[in-house]
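If you read the protein sequences in the order shown, they are chains A and B.
With numbering that gives the first Met the number 0 applied, the first sequence closes on residue 322, and no number is skipped along the way.
With numbering that gives the first Met the number 0 applied, the second sequence closes on residue 408, and no number is skipped along the way.
Source of the hints: derived by calculation from the structure; they are not laboratory data.
Small disclaimer: the values here were computed from a predicted structure and weren't measured.
Cβ coordinates follow ideal geometry from the N, Cα and C atoms, glycine included.
A few of these clues could be false.
[Stated by the list, open to error] Pair ranges (Cβ atoms, derived):
hint, chain 1, residue 1, chain 2, residue 2, range
1, B, M105, A, V158, 45 to 51 Å
2, A, R233, B, A308, 54 to 60 Å
3, A, L182, B, R295, 56 to 62 Å
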Amino acid sequence: MTTFITRRILQTLAVIVILSYVCYYLMSLMPGDPVDMMVASNPKITAEDVQRLKALYGLDQPVYKRFGNWVGSISQGDLGYSRTYRVPVQELMGPRLWNTFILSIASLTLSLLIAIPLGVISALKPGSRTDYVVNLFSFAGISIPSFWLAIVLIIIFAVKIPLLPAGGTQTIGGEPLGFWADLADRSVYLVLPVLSLSIQQIGRFSRFTRSAMLEAMRNDFIRTARAKGLSRSRVIWKHAFRNALIPLITILALSFSGLFSGAILTETVFAYQGVGKLVYDSIIQNDYNVAMISFVISVSMVLLMNLVADIAYGFADPRISYQ
Amino acid sequence: MSSNEIVMTNIELDENSLSAKDRAEIEKAQPMWKMVLTQFMDHKLAVAGAVIIAIFMFISIFANQIQSITGIDPDAQNVSNRYLSPWTTALAGPDVRETAVERFIMNNPEASDKVQKALIEKGLVAVAEADAIYELVATKEPAAVLADLKSLDIPDTKNLITSVKDFETFHFLGTDELGRDVFIRLVYGTRVSMGVGVLVAIASALIGLLIGSIAGFYGGWIDTVLMRITDALLSLPTIPVLIVMAAVDLSKFEWIRESKLITPSNESIIKMVIILCIFSWMTVARLVRGSILSIREREFVLAARTLGAGDGTIIVRHMFPNVIAPMLVSITLGVGESILFEAALSFLGLGIQPPTPSWGNMLNNAQELIYQAPFLAILPGILILLTTISFNYLGDGLQDAIDPKAIRR
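Please work from the sequences and hints to get the whole structure.
What follows is the structure, given as structure tokens:
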């Protein structure tokens with residue numbers, strides 16, 4: 000078990016390092032570098048100045064050397080400086096990460112709360128009308144482009160019926176009204192993003208719950224439990240559902256990457272100040288330091304969640320052994 | 000034993016009650032595809048999906064013909080007719096009409112001379128002779144202009160009449176923020192989006208087939224390395240990685256710039272296909288590896304090897320036919336997914352670059368326009384939804400039909 004965990008951690012670390020190098024390399028291939036941009040807005044600059052600036056920022060060195068320098072300064076706790084926001088990257092990341100975390104957890108909770116009952120209901124009556132409707136709904140959920148759903152939600156709930164704000168994270172310029180009022184204010188801004196992010200997850204989760212539950216209900220021990228005269232709900236939740244949980248954990252773990260991908264789109268549409276929007280904005284604006292850090296953090300988060308899920312299997316199902 | 004006997008008698012009874020013709024029908028061996036087809040036809044929604052996909056395929060193949068039937072240019076901008084609602088006719092701006100008349104006068108000086116004289120004589124316009132046609136076109140509706148021109152009965156006005164007819168365009172689905180016709184752009188968008196989706200699905204299936212079969216067949220360290228890479232790619236959050244890759248400037252690669260393969264007009268499409276391929280072969284690879292692992296130890300492979308078949312022959316001739324069916328399902332599901340990713344990236348402005356229309360980049364500006372033209376934001380999304388849902392149902396139906404172990408609904 001310990002060797003398994005150590006090996007998985009080492010693998011994850013290796014993937015993170017390789018990926019950040021690939022990302023660093025790709026960023027060097029993006030149109031324009033920081034010095035080009037400075038030069039573009041300054042007609043008086045000379046070729047020697049450009050050379051000196053490039054040498055100053057280390058841009059004349061090959062990519063792997065620059066990457067080495069970058070990793071070196073990261074390990075000393077210096078994440079660099081954002082060119083667009085004019086603040087150190089550390090200050091930028093904290094609240095953004097927190098916002099994305101709230102958005103993801105809220106949408107994950109909502110989708111699990113809706114999807115699991117839906118999946119279980121349709122698995123208990125396969126072929127029924129309920130099953131058919133749930134199936135149709137989950138297919139639609141998987142197929143719907145989340146960013147488009149977000150736009151449609153804005154059109155309906157912010158333009159046609161002005162109930163909810165069309166975008167943002169919280170009311171700007173308001174006096175702090177105390178904890179509960181702030182919470183209420185923030186949750187109003189969360190409704191639409193969470194909704195648009197959840198639909199796809201609900202579709203996916205309910206389909207998987209359905210098939211896992213169908214599989215579990217076919218086991219012999221279910222018949223035994225029924226024959227013993229156990230109550231229906233006890234058979235379903237204690238015997239069948241617990242066995243359906245293991246494939247669900249897999250899907251839950253894999254869904255983190257989907258959730259994060261979805262968060263980028265959702266945050267962009269709703270101008271929600273999270274890491275996803277930061278990744279997008281910084282890449283569009285060539286803000287390399289921010290782009291690299293937010294990319295590495297988001298990828299690491301997803302990979303770490305996968306690691307946690309792998310370890311969690313062992314506790315969820317004692318039959319799984321790690322060699 | 001006793002249960003066996005009961006079954007036997009049952010069958011006998013059944014056979015006795017059947018007519019000779021029915022029995023021949025049942026006993027005739029059914030080819031695989033026919034069985035699959037019968038099962039597939041039972042899944043109503045999958046059939047509906049297949050029909051919708053066929054329609055979209057038809058539209059994307061015959062986009063040029065549709066354009067020539069409607070006679071609307073997808074790139075024709077018309078600033079005075081922005082955000083028209085669906086089902087309206089638009090009049091070309093005064094500058095456009097003036098240029099058309101000018102061109103006519105330049106090309107047919109004699110005919111225009113006659114027309115100008117006739118117009119003044121009949122009292123249809125009351126200006127100087129040189130301005131007669133301009134005045135007619137500027138003040139009257141195209142229909143009235145046509146009627147007037149026909150009433151003159153001058154033979155050489157054909158060119159003028161056709162250009163006057165073009166002044167009035169009918170916009171079935173309205174116009175966008177540059178006054179371009181939404182319908183014809185959606186038609187071309189269908190071609191781009193479906194094209195990218197299908198191309199990516201097929202190409203990534205081939206990559207997956209190659210990698211999966213190598214990993215499954217040879218096993219050992221090759222398998223370990225390939226599967227680690229597959230797992231690592233699978234666990235990545237797709238959109239951030241795609242954004243980073245989509246922002247890459249391909250012309251920074253020397254060899255690509257020199258090969259002249261990439262022109263500004265197709266760069267974004269080629270880039271999109273390559274990037275999406277890199278991130279969508281993994282499911283196929285795992286699937287193929289799994290099937291090949293289970294086939295590898297079967298007798299027919301041993302038999303082929305005994306007969307002296309090489310690795311390549313065994314993989315291609317004996318193993319591929321066994322993995323094609325599940326692959327077909329995964330290609331179908333892959334098309335829907337690729338279309339979604341393409342749409343998402345184009346929506347963010349990193350995918351297919353305008354003026355080439357795709358469903359995703361038609362949504363790109365739509366968000367800022369939800370007050371003026373909510374319709375623009377709705378339509379492309381509905382097409383994306385329809386297509387992906389159709390591909391998903393098609394894949395689901397194929398899976399049920401191909402896999403005999405699948406649960407029948």
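Distance restraint hint 54 to 60 Å, applied to the beta-carbon atoms of R233(A) and A308(B): holds, 57 Å
Mind checking the hinted window 56 to 62 Å against the Cβ distance between L182(A) and R295(B)? Hint holds: Cβ distance 59 Å, inside 56 to 62 Å.
Range hint compliance [Cβ, M105(B) to V158(A), 45 to 51 Å]: Given a distance of about 49 Å, which is inside 45 to 51 Å, the answer is holds.
Checked against the numbered hints above, the structure breaks none of them.
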